[in-house]
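Q: Residues per chain, in single letters:
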Amino acid sequence: MKTLEIPVVKLPKETEELRREIRQFLKEEIENGLIETKCDCWLSGFSEDFSRKMGARGWIGMTWPKKYGGGERSSVERYVVTEEMLAAGAPVSGHWIADRQTGPLLLKYGTEEQKQFFLPRIAKGECYFAIGLSEPNAGSDLAALQARAVKVDKGWILNGSKIWTSGAHHAHYSIVLCRTTPMDPNNRHAGMSQLIVDLNAPGVTIRPIHLMTGEHHFNEVFFEDVFVPDGMVVGTLGNGWAQGMAELAYERSGPERILSTFPLLNELTNVLIEKCDAKGLNEVSRLISRLWTLRNMSLGIARLLEEGVPSNIIASLVKDMGTQFEQEIPEITRLLVSVIPLTDSENRLERFLAQSILQSPGFTLRGGTTEILRGIVAKGVINQ
Amino acid sequence: MSEMKDMILESAVKIFEKYSTKEVVNDAEKGQWAAELWENLEAYGMLGVGVPEELGGSGGDLDDALSILQMAGKYSAPIPLAETFIANWLLSDLGESVVEGIVTIPGQNSTEPFQLQKSGQGWIINGKAKYVPWARNAEKLLVAGESIDGTVLLVLPLEKAEIKPGKNMAGEARDEVIFDQVYIEECQTVSVDYSALTKKLYYAGALTRSVLMAGAIERVLDVTINHTNERSQFGRPIHRFQAIQHHLAALAGETAGAGIAAKYAVDAFGTNPFSKELAYAKIRINEAAGKVNTIAHQVLAAIGFTYEHTLHHSTRRLWSWREEFGTESDWEQVITEELLKLEKNELWSVITGVVKHAKKVGIQ
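Chains as they are written, first to last, in the UniProt record's numbering: chain A, 1 to 384; chain B, 1 to 364.
Since the hints were made in silico from the structure, they are not lab data. These numbers come from a predicted model, not from an experiment. For glycine and all other residues, C-beta sits at the position ideal for the given N, C-alpha and C. There could be a bad hint or two in this list.
[As the list claims (entries may be wrong)] DSS-like, lysine-lysine: derived pairs with alpha carbons at most 30 Å apart: (1) B:K199 with A:K27; (2) A:K2 with B:K18; (3) A:K379 with B:K22; (4) A:K2 with B:K5; (5) A:K279 with B:K291; (6) B:K341 with A:K275; (7) B:K200 with A:K10; (8) A:K10 with B:K344; (9) A:K13 with B:K200; (10) B:K344 with A:K27; (11) B:K130 with B:K164; (12) A:K154 with A:K67; (13) B:K5 with A:K13; (14) A:K53 with A:K67; (15) A:K279 with B:K344; (16) B:K199 with A:K279; (17) A:K151 with A:K124; (18) A:K2 with B:K14; (19) B:K130 with B:K200; (20) A:K10 with B:K199; (21) A:K275 with B:K344; (22) A:K13 with B:K22; (23) A:K13 with B:K341; (24) B:K200 with A:K279.
[Unchecked claim] Here are the in silico distance ranges between beta carbons for each label pair: (25) A:A143 with B:E23: 48 to 58 Å; (26) A:A190 with B:E308: 47 to 57 Å; (27) A:I209 with B:V13: 48 to 58 Å; (28) B:Q188 with A:K275: 48 to 58 Å; (29) A:N32 with B:T327: 41 to 51 Å; (30) B:V13 with A:E14: 35 to 45 Å; (31) B:T327 with A:Q384: 26 to 36 Å; (32) B:E230 with A:K151: 49 to 59 Å; (33) A:N383 with B:H309: 16 to 26 Å.
Work out the full structure, taking the sequences as your base and the hints as a guide.
A: Pasting the structure below:
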């Protein structure tokens, strides 16, 4: 079936050198106590200093044009950087969304001014973005969103709120999907636009929503008569839904949908090798086969996206399968080793296991719930 | 991939569509040899794809041959195509010409080497091989042999062998071949290392089963989707129900996963016939086979459980093929052996194939 065809991607030799460079850098950062390995680091590992260092090394905005601060490198090289960071559990959450999503969005739809202003800052690792999609009454049914902007002289007045906004308390800006014409019940997807909102602007309030662990990643963001200049509209007015949906293929098929609990798998493997536990390692071998398959799917989609091939269906598939895999790792780990997961433990296995278990409900929710993804996939294959 | 691929594949599909029909597959299960199917593949040069022309093949590369095999899996072709391909690869790797006609190999790894004794101008052969695909229809059997001169790769004519017919869960011929003091005038022998030959057969066998299964899984997805379009309950086609949609999505995921795993295995085999990627693929596709069958039979309900429907052509083959040339557990042990050699924190190097120094770990 054509929809499910994914190409084989052969990583060029040059990427091996890049990998070694990244691994050396990460090793030094860890050995010097500057960063700490963490599961689910792209959501919960934050370090301004680390993001800036990545920017300085050219590892943010890698594929973007040089004139906007990018490195004009291939999407495969970018893939290498992101997966190396995730495998090491490095604190990448600060710049993650801006690098993954906002940059490509602005490159595709942004005005020249927007590109010149934002892209170099993002690439330096100094400018972070949050995603403003979900609302209290618009979750899986995103088209029910109500945030709206009304035209005024030289700009827009935004009112409404966004919820479950990861990292809004660290981010400088948010891409907010809102209605710029009132909702048409017969065409709910029409009349939406994407606005770049300065999160320090008057009228913006960010309220933390603590996760069940007590950690602060989520926020609710309120907009009360926030003025957004005309120059901050992304792309075509009224085309926000289509623009936003195109972004999702990037969001759904990346290595962060596979590797969130990799530090735990690595630690489990270390422990089993030390104990010469062949039976346990057989289970790990099976996980490796799954990971190998998922990674090859994800890499293939990265190539398709670079070539401009619509990949929404297979990207949704990868997210569904990859996040289930992420959830499986702690469940299999606890059956292979007898340890008590402890959040604050000195022992890496105990700590990573606790992190993985406690973060795992989010894997199959964020970026489109499993249920929504399966609907997209099923309709995609039926319509073949 | 050769440039001929699309053309070769198109002709292969036409042949399978015409000669590997529901009736042919059902008749094969009752013992009827799919002669027309085989003869047409032969006439169009499909059997020799992936073998250089100077060795009697018809050119093209391994990738071409395996894409034909994937279609054979999709169309449940009841013929020893995988076995003939493997025999030809082994021979051409050794610089030998391919064998004319239908060749098979033992489907079980535990086969003891056949014994050869020089006798006058010919040989006396003793040996037994179980679970040999289509031995009853094949003209030749490729096995490991042992003589006073050492181990050899042996191509034995089957006319004088005793054949005890058997079949796998899909009704595909899996016969026992017995050579009891059989005198043979002439047979092709090539000196080989026994354990290397056994390993090669095992890995190549696993690759062919992975590819066949990827094809069969594609078919299961197609059949399931068609069914959910055609079958209505509660006044609408059943694909409109969320419960069914979730099944379809999971099925599509396994299909895409099996497809990409097979592609990477084929690719790896070309550069290293003992690549760990063959192990990863067999494990992953075996796993997919189980899941896919469960889902498809659940969605098709009672009709899919009948002989009348063709779903079982694919699902019974998947259940059979996943056990051939290594179960998940067999291949997991192969990977575990490599893992036990690792130093701390080297798992990621295994997955990416890039290690600190020049030494290679894991994926080769």
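Q: For each hint, tell me whether it holds in the structure or not.
A: A quick look at each hint next to the structure:
no. : hint                           : verdict
1   : B:K199 with A:K27              : violated (39 Å)
2   : A:K2 with B:K18                : holds (22 Å)
3   : A:K379 with B:K22              : holds (29 Å)
4   : A:K2 with B:K5                 : holds (16 Å)
5   : A:K279 with B:K291             : holds (23 Å)
6   : B:K341 with A:K275             : holds (12 Å)
7   : B:K200 with A:K10              : holds (25 Å)
8   : A:K10 with B:K344              : holds (27 Å)
9   : A:K13 with B:K200              : holds (28 Å)
10  : B:K344 with A:K27              : holds (13 Å)
11  : B:K130 with B:K164             : holds (9 Å)
12  : A:K154 with A:K67              : holds (28 Å)
13  : B:K5 with A:K13                : holds (27 Å)
14  : A:K53 with A:K67               : holds (20 Å)
15  : A:K279 with B:K344             : holds (18 Å)
16  : B:K199 with A:K279             : holds (23 Å)
17  : A:K151 with A:K124             : violated (33 Å)
18  : A:K2 with B:K14                : holds (18 Å)
19  : B:K130 with B:K200             : holds (18 Å)
20  : A:K10 with B:K199              : holds (26 Å)
21  : A:K275 with B:K344             : holds (12 Å)
22  : A:K13 with B:K22               : violated (48 Å)
23  : A:K13 with B:K341              : holds (25 Å)
24  : B:K200 with A:K279             : holds (25 Å)
25  : A:A143 with B:E23: 48 to 58 Å  : holds (50 Å)
26  : A:A190 with B:E308: 47 to 57 Å : holds (49 Å)
27  : A:I209 with B:V13: 48 to 58 Å  : holds (55 Å)
28  : B:Q188 with A:K275: 48 to 58 Å : holds (50 Å)
29  : A:N32 with B:T327: 41 to 51 Å  : holds (47 Å)
30  : B:V13 with A:E14: 35 to 45 Å   : holds (39 Å)
31  : B:T327 with A:Q384: 26 to 36 Å : holds (33 Å)
32  : B:E230 with A:K151: 49 to 59 Å : holds (51 Å)
33  : A:N383 with B:H309: 16 to 26 Å : holds (24 Å)
Hints 1, 17 and 22, counting from the list given before, are not met by this structure.
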